[in-house]
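Using the hints provided, position chain B relative to the given structure of chain A.
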Amino acid sequence: MTDRRTFLKGLLAASAAPGLSWADAGGPAFIACAQDPGGGFALAGLALDGATAFRVPLPARGHAGAAHPGRPLAIVFARRPGYYALVVDCVSGAVAARLAPPPGRQFNGHGVLIDGGARLVTSEQDAATSQGWLGLWSARDGWRRTGEIASGGIGPHDVRLMPDGRTLAVANGGIATDAADRRKLNLDVMRPNLAWIDPDSGVTAIAEPDPALRQNSIRHLAVHPDGTVAFAMQWEGDPALSPPLLGFGRQGGGALRLAAVPEAERAAMKGYAGSIAWNAAGTEVAITSPRGGRVQRFDAAGRFAGSFARADACGIAPFGAGFLLSDGGGGLIVLEGDGARPLSHADLAWDNHIVAL
Amino acid sequence: MRLALIAAAALFLAQPAAADVRAVVEEQALPGFARLAAAAAGLAAAAAGGTESAEPGAADCGGAAVRDAFHATFDAWMGVSHLRLGPSETAALSIAFWPDERGATQRVLAGLLAEAEPLPTPAGYAEVSAAGRGLFALEALLYDDALAARAAPGRRCALLALVADDLARQTAALAADWRDGFAPILLSAGEAGNAVFLTGDEALGALYTQLTAGLEFTRDQRIGRPLGSFDRPRPQRAEAWRSGRSLRNVALSLAALHALADLLADEPIPATDAAFAAARDAADRVGDPAFRSVGDPAVRFRLEVLRQRIATAAARAAEDLGGTMGISPGFNALDGD
Chain A
283 MTDRRTFLKG LLAASAAPGL SWADAGGPAF IACAQDPGGG FALAGLALDG
333 ATAFRVPLPA RGHAGAAHPG RPLAIVFARR PGYYALVVDC VSGAVAARLA
383 PPPGRQFNGH GVLIDGGARL VTSEQDAATS QGWLGLWSAR DGWRRTGEIA
433 SGGIGPHDVR LMPDGRTLAV ANGGIATDAA DRRKLNLDVM RPNLAWIDPD
483 SGVTAIAEPD PALRQNSIRH LAVHPDGTVA FAMQWEGDPA LSPPLLGFGR
533 QGGGALRLAA VPEAERAAMK GYAGSIAWNA AGTEVAITSP RGGRVQRFDA
583 AGRFAGSFAR ADACGIAPFG AGFLLSDGGG GLIVLEGDGA RPLSHADLAW
633 DNHIVAL
Chain B
-16 MRLALIAAAA LFLAQPAAAD VRAVVEEQAL PGFARLAAAA AGLAAAAAGG
34 TESAEPGAAD CGGAAVRDAF HATFDAWMGV SHLRLGPSET AALSIAFWPD
84 ERGATQRVLA GLLAEAEPLP TPAGYAEVSA AGRGLFALEA LLYDDALAAR
134 AAPGRRCALL ALVADDLARQ TAALAADWRD GFAPILLSAG EAGNAVFLTG
184 DEALGALYTQ LTAGLEFTRD QRIGRPLGSF DRPRPQRAEA WRSGRSLRNV
234 ALSLAALHAL ADLLADEPIP ATDAAFAAAR DAADRVGDPA FRSVGDPAVR
284 FRLEVLRQRI ATAAARAAED LGGTMGISPG FNALDGD
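Which chain is which? The protein sequence lines are A and B, in order. With our numbering, the residue at position 38 of the first sequence is 320, and numbering never jumps. With our numbering, the residue at position 71 of the second sequence is 54, and numbering never jumps.
The hints are simulated quantities; they were obtained by calculation from the structure and are not laboratory data. Where a beta carbon is used, it is the ideal one built from N, C-alpha and C, also for glycine. Hints may contain errors.
[What the hints assert, rightly or not] Derived DEER-like restraints, expressed as beta-carbon distance ranges:
#, chain 1, residue 1, chain 2, residue 2, range
1, B, P272, A, A333, 57 to 63 Å
2, B, A156, A, T428, 57 to 63 Å
3, B, S212, A, G321, 38 to 44 Å
4, A, A462, B, A242, 45 to 51 Å
Chain A with its partners taken away, still in its complex shape (with noise of 0.2 Å):
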């Protein structure tokens, strides 16, 4: 195990000097994991002109990844059920760490680094239960396994920092699925919640939707500055109800509340929001809908504000004034506004996330 510990050391010393930074990286400002025309996985950074900066193989597919705040290292996280987030040197594209759960746990796609870049957080679950955890890994110790935390709810997905720099966020989608494949098997008992946890000692908070919603699946999470999480759902109930699939909670601050989406629109996302992100000013929250191929914006308030058009459109964050869209397509397009420009397209499929660093 110390053998295995000091190569992977070596290997982070040697690939990811401390000297280095994102600039040297080609100083991407967005990361996004992507499948290329022959079928293969990568992971690509994007600069601010929508240009591929660095374009790093996976071994399968990904999902979402986190940033490292100072070095040029990103953690990418494999799909749904993971096995594996590989630590990727974003400067010379080489696999500087390969994580694996604990047997009988799964990665769930998402995972946030804490206190500066030292410690990882993975969002887990238990493969046989699907009872949701955070795992908690050391960047400064080669990225051992350092302990794990109790996520409060069933099949959790994505997971934020919140403004306080120790607080993590918590989505517990309430789905739990098979050990094997993605089988969703409670959708009639299925409760989701948003928790907020300390990494150390466990949960502070939990919000739980109306139980006239509780099938409304909450899966992605954007925090404001001010500490407002908005948080994107997937609907699971009856699709002629089209319920409203954006809400924002507060820790401690009493019940979830819903956006107001006017009706037609509910209906064009399909019952489903893949992607969420609030703009650099926090004055507007968008979610995207992949099935729907549609993007809504609505103000702090969760008033609706504009929808835009794109097939498949998925990975969104903040851009300017408003965001960067990407799709399964290969386009990634601004939004500002009511208006919207092409950046650039590629001959990629953007997976569903993009990750501002």
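Leaving out everything else, chain B in the frame of chain A:
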């Protein structure tokens, strides 16, 4: 010769707005939405000022003129109802609220018919839930006697006029949105600044998707829903059965989808044409306009044949067109995470 052909093909592919996209826009979408708006305006005019008669029937709420205008408007809608992109993506819900699994149209209208407070203003009707608007609300007001019996006196004809007026507004706005907003986006596919369609092929692919989704909808919803199962046929789940339009809607949708396939093709597509013709013949033989007799094995069999022929038309269209449309299933849409 072969090389020259390949070079010509490459040149063609490099052109941003394909001729077939232009054909669909100019020969089907724009004239179709304009016809719909004109028909709905006619319906609104016919329904305005209609009064209730003691004996429901010809003289009621504008009488036969209103019913004729209703059918003309529904016919016009069937010419474009499969185009569910651009402004139609959200507009279709409140023009044709169907399928209506929960009986929402009847519920919303019953509320409006019974309430003591004044009806919404014409402009304010846009705020009513989609189930209470559009063609299926009009159908219920014109053909659902049980609903009519629950109406407060004088209320039904006033509501009918209101829904017809709202539909005229909706369809006029939709025609304008297509003409001034979305048609230019389709026609400039692949040009600098077009953020909706980054290449000409993306626009072509989006229109081709309307063809496949439209065929699927007619097969699975318009025919599949009333068929139900052999042990449990569901005639009241047929589309527009009250006004006797179920079979007519199938035939009109097939005609519109056939026209779309031909417009999308660069060259003759005889196999697809023959498959659509066979489906039309099968529809002609059903002989049950409102699918009332789906429990009758003979009718059932004829509908099964029709359903099979629609599937065949979809398969032929995929062979004739699909290969050139560059369609791949949604990488993210199918991911589910």
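Evaluated hints:
no.	hint	verdict
1	P272(B) - A333(A): 57 to 63 Å	holds, 60 Å
2	A156(B) - T428(A): 57 to 63 Å	holds, 60 Å
3	S212(B) - G321(A): 38 to 44 Å	holds, 40 Å
4	A462(A) - A242(B): 45 to 51 Å	holds, 47 Å
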